[in-house]
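Please model the complete structure; the sequences and the hints are all you need to start from.
So you can see what is in the structure, the chains are spelled out below.
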Amino acid sequence: MSTATSDELAANTGSGRPAANHPGAWAARRTGFWVLIGLLTVIFVAPLLWMLVTSFKTPNAATNPDGSWIPHPFDGSSYRNLLSLGSATPVLRWFFNSLAAGLANTALILIVDSLAAYALARMEFVGRRAIFATVVGTIFLPGFMFLVPNFLIVSKLGWLDSLWAIIVPSAGGAFGVFFLRQFFSTLPRELEEAAIIDGANQWEVFTRVVLPLARPALATLAVLSFLTNWNDFLWPVFVLFSSSNLTLPAGLSTLQSAATTNYSLIMAGAVIASVPAIILFVIAQRQIIEGISRSGLKG
Amino acid sequence: MNPLDTPLTRRGFLGTVGALGGALALAACGGKSTPPGTGGATGAAAGGASYSGPAVKLAFWNGWTGADGDFAKQMVDQFNKANPNVQVQMNVYQWADFFQKLPAAVQSGNGPDVSVMHIDDIPTQAAQQVIVPIDEIAKALNLSGSQFAPAVWNGGMYNDKRYGIPIDVHNLGLFYNQDLFDKAGISAPPTNESEYLDALDKLKSKGIQGSWVSPFQFTGGFMFQSLLWQFGGDLYNSDNTQATWDSDAGVKALQWMVDLVNKGYSPKNVGQDADYLALKNSKNAMNWQGIWQVNDVNKLTSPKIGLAPLPKIGSQGGVWGNSHQFVLPRNGSNDSNKQAAARYFIHWFTQHEAEWAQSAKVPAETSLQQSPEFTKLTDLKPFAQEVPDVHFPPAVAGIGDATGKLYDAIQAAVLGKSDPAGALHSSANTATGILSSNKKKYG
Amino acid sequence: MTGTVTAERTQSQATPVRRRPVRGHGVATPYLFLLPYGVLFIGFMVIPAAYGIWISLHDYDYLLPHQPWVGLQNYTDLFKSGTRDSADFWNSMKATGIFTLFSVPFLVVLPLGIALLLNRAFPGRTFFRAVFFTPYVLGVAVVSVLFRFLLDPNIGVVNTYLHHLGVARNIPWTTQLPWAWVSLVGMTVWWTLGFNAIIYLAGLQDIPRELYEAADVDGATNWDKFRHVTLPGLRPVMVFVITLTILASANMFGQALLVTNGAPANQTRTAIMEIGQVGLRQYRQGAAAAMSYILAVVLILISLINFRLLRNRGEA
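Chains as they are written, first to last, in this note's numbering: chain Z, 9 to 307; chain Y, 1477 to 1919; chain H, 2 to 317.
A couple of the hints might just be wrong.
As the list claims (entries may be wrong) - Under the rule of at most 30 Å between Cα atoms (straight-line distance), these lysine-lysine pairs were calculated in the DSS-like manner:
| id | chain 1 | residue 1 | chain 2 | residue 2 |
| --- | --- | --- | --- | --- |
| 1 | Y | K1744 | H | K95 |
| 2 | Z | K164 | Y | K1533 |
| 3 | Y | K1775 | Y | K1759 |
| 4 | Y | K1780 | Z | K164 |
| 5 | Y | K1659 | Y | K1775 |
| 6 | Y | K1637 | Y | K1682 |
| 7 | Y | K1680 | Y | K1557 |
| 8 | Y | K1678 | Y | K1759 |
| 9 | Y | K1916 | H | K81 |
| 10 | Y | K1857 | Y | K1788 |
| 11 | H | K81 | Y | K1915 |
| 12 | Y | K1788 | Y | K1659 |
| 13 | Y | K1780 | Y | K1549 |
| 14 | H | K95 | Y | K1893 |
| 15 | Y | K1775 | Y | K1744 |
| 16 | Y | K1759 | Y | K1682 |
| 17 | Y | K1780 | H | K81 |
| 18 | Y | K1739 | Y | K1680 |
| 19 | Y | K1852 | H | K95 |
| 20 | Y | K1739 | Y | K1788 |
Source of the hints: derived by calculation from the structure; they are not laboratory data. All values derive from a computational prediction rather than experimental measurement.
See the structure below:
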């Protein structure tokens, strides 16, 4: 069992480091390592590269089974179609809708879930176990069955065709509460008790002691929530109507049809959508990994 | 070239005659609490021949993703420019999403003001009161059954009320790869079974599998239905209480498709869309494909794709087809101006039916199929020729639930998972059960 | 619930603190903390879920004026052969089961291997981390369309290359078993592997360096260290990954819908595809809700077994 505490930051990268006591074995290992990582990279990058190449092909060349890696003729019309002003498929607009909805949804989840999780982890009250059991139980219900009921609820709230429908309802999900509650349970109680003895009230304990300690767990939950929201497909397709209000997955789905699939257009849309996301990841990956470490994953 | 510069105004002012009677009943149909067609509020305008009310915005939803949608958008732009006081905002969804979204939106009072759907979706949506009767618009437009193929006209009806105004017919035709035909020495597209098999043999001798059979609805399901009718069968019995695709004709039709695979005229395991993509990449020579792909193949510089009527494999003509029809969703806003404007928009669109045909459709009205505006679209001629042989899906609520079982059976047989007779028989039994449970539900 | 028990037990083993919390708050305080989430939870989870039970007791079509009460028939019909949905539903449950069975081991083991590789210090590490994570930011629709074309049996690029290499011809990746499962599992692993790998990477940061140093002093091999330090240290992370992955796999539908469309003969049609078809396309929400609840009960049972197994192993 891990004994790490939160002030010890993730400087450790050596858990898989080879023993390195023999120079020849060391070189062989290093070669093996690079061969392995190179092979994996090819497997992972090839489809992505194919996506990029396809996006610059003409629609017919995009479906040619000969599998050429060089677009010939080189055709940027898919990008022009998607990015042109007044386009019926404003990909950048969808991107910013997704970004805005994802960030707002994440913020909402962090606030309400941490409050609830703290109460469930640390306070004594009537119905605590029953409430927690109910919350956890809903994790297992397939999201599908909530579509129609939630559609009717959201419509009563006047949120159809607005980003509120993407931001608010999913914050009722149980995962974050479960996750944070597990984390709070593992925090040492002494700090909180000391704060209470010093005269702090429960709100001050929560905001000044618990939340700072929980920063890694909150970061983890933020990433998980944001990505879930970012990739959600079914619900946005259902509740958003106008082209200008769509999120990215919902928007990209309108590029497809049962009868014809314009591969180069879809791939161009995917490229436009993923490039900013990849850049964000590269910038944030260190924080993400350190955030997830020593979070509520200790069971 | 802007195809919309010369609008057809043939019916331009005929509509006013029947309009007044229609407007009264029609304007009432929008209320959420008012059952459709029971009358109530007074109309603000005529049944659709014109609109002179205050400026309104209309939401127009359809499932025209891809090229159809681009074309429809051009027409909507044209309409908006010509009618500053009616601004139409078009939203496009995939058909599969469309039929989840539209009913939910209508039910919650957020539906669009005007919409489009296929013949076989109309009864289901009508039974669920997602769309309202529009007999009055048909009257205002002076439309009558004699102007259309009977199945197209009757397909817009449910329980003796009209819900759909037909704007096109889109049917299957034979798409063939001219380059491969030249290579194999085939001089003309085949018109019957022996010519078809002869062409396939010539192609085979050049190492080409000439007629790829798709195990999916697009296009294997459509091919099967065409063959079924050609062999004298039908999907359902006359009162649509029983699935009959397991008849001898059905077994023959499916066996014929499976034989194409078994004899090596088609590869095994054709993936989704692969039959058509292979045609465009000169791997496949013939594809029973929908008219909606005509503009797509015309964009190709090479190979050249030829178009012809479906060959008559069986004893009679038989071609799968469907029709887009305008419908009016039940509207929560209860705004009689919007309703009047929506009727006017439908009116305008049907007047421009021959232009809509340029998106690769056959006009729904038979007279327009002879009009110079349409006949100059020579690529579409083979499809128009077929219209007398076109069969449409039956107009019964929930029919898609039953026909879905047929597509499962076709897939199982074409992929070699079941024998054709067995697959058809068990799926027809299941479908008959679905028909009776749907009848109980929808009445 | 078992998860809670596990957590409390772990905690009491690790740090022998008192079990009863100090009451440093008023009677109303916990409820005030719960309130904001409670509103959302009741509004968007409890009410719809309860509504779902109500729906499942009717022949329900929310668009029709009358919803006939059918009691438990929607449930009992699923357990009776020859009814409209029973064969299709259990067939789809089987498909979901197969997918889960084959995808979960890969999605638990492979990301761990990748995480161990990426945990070393080497030039370009950030780049490689991004490489493995990138597929996940692409939505399921894009990934599915991409693979449907790459894997097409006759005109797909993968088969073209396999043919050129002389390996095989026309493998029916999307239309025959077992290939369709290979494709669906493979593309799902490609798509989501990076996500699990990142969680493992974080877990690896959490294992105290001293334990490895102590093992080195004892002359442990790399394999010893992996077995006796890394794996035990990652156990909680692994429970988390397994649980999340099982739930995600059991809810799979986008890939199957777009890549195989259920082929061959509905054998890759998953439970969620079936529920969606019945509920949203056939407008029979009653039957669909009953199916959803049966799926949920199965998932709860599996998760309970999962927690129990992992807990026992941890104690052994």
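Going through the hints against the structure:
The suggested pairing of K1744 (chain Y) with K95 (chain H) holds, with an alpha-carbon distance near 26 Å, which does not exceed 30 Å. For the given pair, K164 (chain Z) sits about 23 Å from K1533 (chain Y) by alpha-carbon distance, which is consistent with the 30 Å threshold. Restraint check for K1775 (chain Y) and K1759 (chain Y): satisfied, since their Cα atoms lie roughly 18 Å apart, inside the 30 Å limit. For a cut-off of 30 Å, the pair hint linking K1780 (chain Y) to K164 (chain Z) is broken: about 54 Å separates their Cα positions.
Proposed proximity of K1659 (chain Y) and K1775 (chain Y) is supported: the alpha carbons are some 22 Å apart, at most 30 Å. With a C-alpha separation of about 55 Å, the suggested pairing of K1637 (chain Y) with K1682 (chain Y) is violated against the 30 Å cut-off. Taking the CA atoms of K1680 (chain Y) and K1557 (chain Y), the gap is about 54 Å. The hint is violated against a cut of 30 Å. For the hint linking K1678 (chain Y) to K1759 (chain Y), the alpha-carbon distance of about 15 Å falls within 30 Å, and the restraint holds.
This hinted pair checks out: K1916 (chain Y) and K81 (chain H) have alpha carbons roughly 20 Å apart, not beyond 30 Å. Of the supplied pair hints, the one linking K1857 (chain Y) and K1788 (chain Y) holds, its CA atoms being roughly 17 Å apart against a limit of 30 Å. A hinted pair counts as satisfied when its Cα atoms are at most 30 Å apart, and K81 (chain H) with K1915 (chain Y) qualifies at roughly 22 Å. With a C-alpha separation of about 24 Å, the suggested pairing of K1788 (chain Y) with K1659 (chain Y) holds against the 30 Å cut-off.
For a cut-off of 30 Å, the pair hint linking K1780 (chain Y) to K1549 (chain Y) stands: about 28 Å separates their Cα positions. Under the criterion of a C-alpha separation no larger than 30 Å, the hint pairing K95 (chain H) with K1893 (chain Y) is consistent with the structure, at around 18 Å. Only pairs whose Cα atoms come within 30 Å are accepted, and K1775 (chain Y) paired with K1744 (chain Y) is accepted, the gap being roughly 29 Å. Note on K1759 (chain Y) and K1682 (chain Y): the hinted pairing holds, with a Cα-Cα distance of about 12 Å set against a maximum of 30 Å.
Distance hint between K1780 (chain Y) and K81 (chain H) is unfulfilled; the C-alpha atoms sit about 55 Å from each other, more than 30 Å. A hinted pair counts as satisfied when its Cα atoms are at most 30 Å apart, and K1739 (chain Y) with K1680 (chain Y) qualifies at roughly 10 Å. The suggested pairing of K1852 (chain Y) with K95 (chain H) is violated, with an alpha-carbon distance near 55 Å, which exceeds 30 Å. Between the alpha carbons of K1739 (chain Y) and K1788 (chain Y) the distance comes to roughly 20 Å, so the proposed pair stays at or under 30 Å and holds.
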